[in-house]
Amino acid sequence: AQSVTQLGSHVSVSEGALVLLRCNYSSSVPPYLFWYVQYPNQGLQLLLKYTSAATLVKGINGFEAEFKKSETSFHLTKPSAHMSDAAEYFCAVSSNFGNEKLTFGTGTRLTIIP
Amino acid sequence: GAGVSQSPSNKVTEKGKDVELRCDPISGHTALYWYRQSLGQGLEFLIYFQGNSAPDKSGLPSDRFSAERTGGSVSTLTIQRTQQEDSAVYLCASSQTGRGFQFGSGTRLTVV
Chain A
-15 AQSVTQLGSH VSVSEGALVL LRCNYSSSVP PYLFWYVQYP NQGLQLLLKY
35 TSAATLVKGI NGFEAEFKKS ETSFHLTKPS AHMSDAAEYF CAVSSNFGNE
85 KLTFGTGTRL TIIP
Chain B
552 GAGVSQSPSN KVTEKGKDVE LRCDPISGHT ALYWYRQSLG QGLEFLIYFQ
602 GNSAPDKSGL PSDRFSAERT GGSVSTLTIQ RTQQEDSAVY LCASSQTGRG
652 FQFGSGTRLT VV
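For the protein sequence lines, the chains are A and B, in the order given. Counting from -15, one number per residue, gives the positions in the first sequence under the numbering used here. Counting from 552, one number per residue, gives the positions in the second sequence under the numbering used here.
Honestly, the hints are just simulated from the structure, not real lab data.
Some chain A residues well away from chain B (every beta-carbon gap over 10 Å; in silico):
#, residue
1, -5
2, 38
3, 64
Covered stretches of chain A, going by a simulated chain B footprint (3 or more residues, C-beta under 8 Å):
#, stretch
4, 21 to 35
5, 89 to 95
Among chain A residues calculated to face chain B with C-beta under 10 Å, some are:
#, residue
6, -10
7, 18
8, 74
9, 76
10, 78
11, 80
12, 81
13, 83
14, 84
15, 85
16, 86
Being a predicted model, the structure only gives us computed values, none of them experimental. All C-beta atoms, glycine included, are put in the ideal place defined by N, C-alpha and C.
Taking the hints into account, I'd like the entire structure generated from these sequences.
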């Protein structure tokens, strides 16, 4: 069984500040890890994915995440927050890439303070 | 089509009525998934179809929920005798090995 825990259901950062959204996973097999973003009244969009290649993964909109097996973490970061980053972010885990269901965390709502 | 299409985008129904939600996956994607997104609950897996294999129904919350996928393409999620707790956004996604998920925009179901 796989699971994901996202610490902090709500995170607020000032515009220009570092964004850090936390995700810890549990998996009995080597995981595939994902971050999705959901803007208001829209569907989910893939930000980035870890598929057992490089542990530091770069995604769209300046986001990146680092896979740390020893910490079972896959935290999402962005050096400088922009107002357009305000959205809900979901971490997800799977045992495959494109051929198995995703298990999602409960999400983190990111608010950007002007 | 260009993406995963879901219909209707919004559905208001009376308690006790049956509803059908439709999902058109991306052409050629062999896997199709249904998720439910309730306020503050994240995304809850419901059911997963992969090619001609028996679907993984492990996430369906009750026997009022069922889904089918005809011809390996279009899928319909049916909720019988709807209850207020069924109110949520129902998301469909499709995928192909090595290509990841593509989500639709969802159907917002409101049971009154």
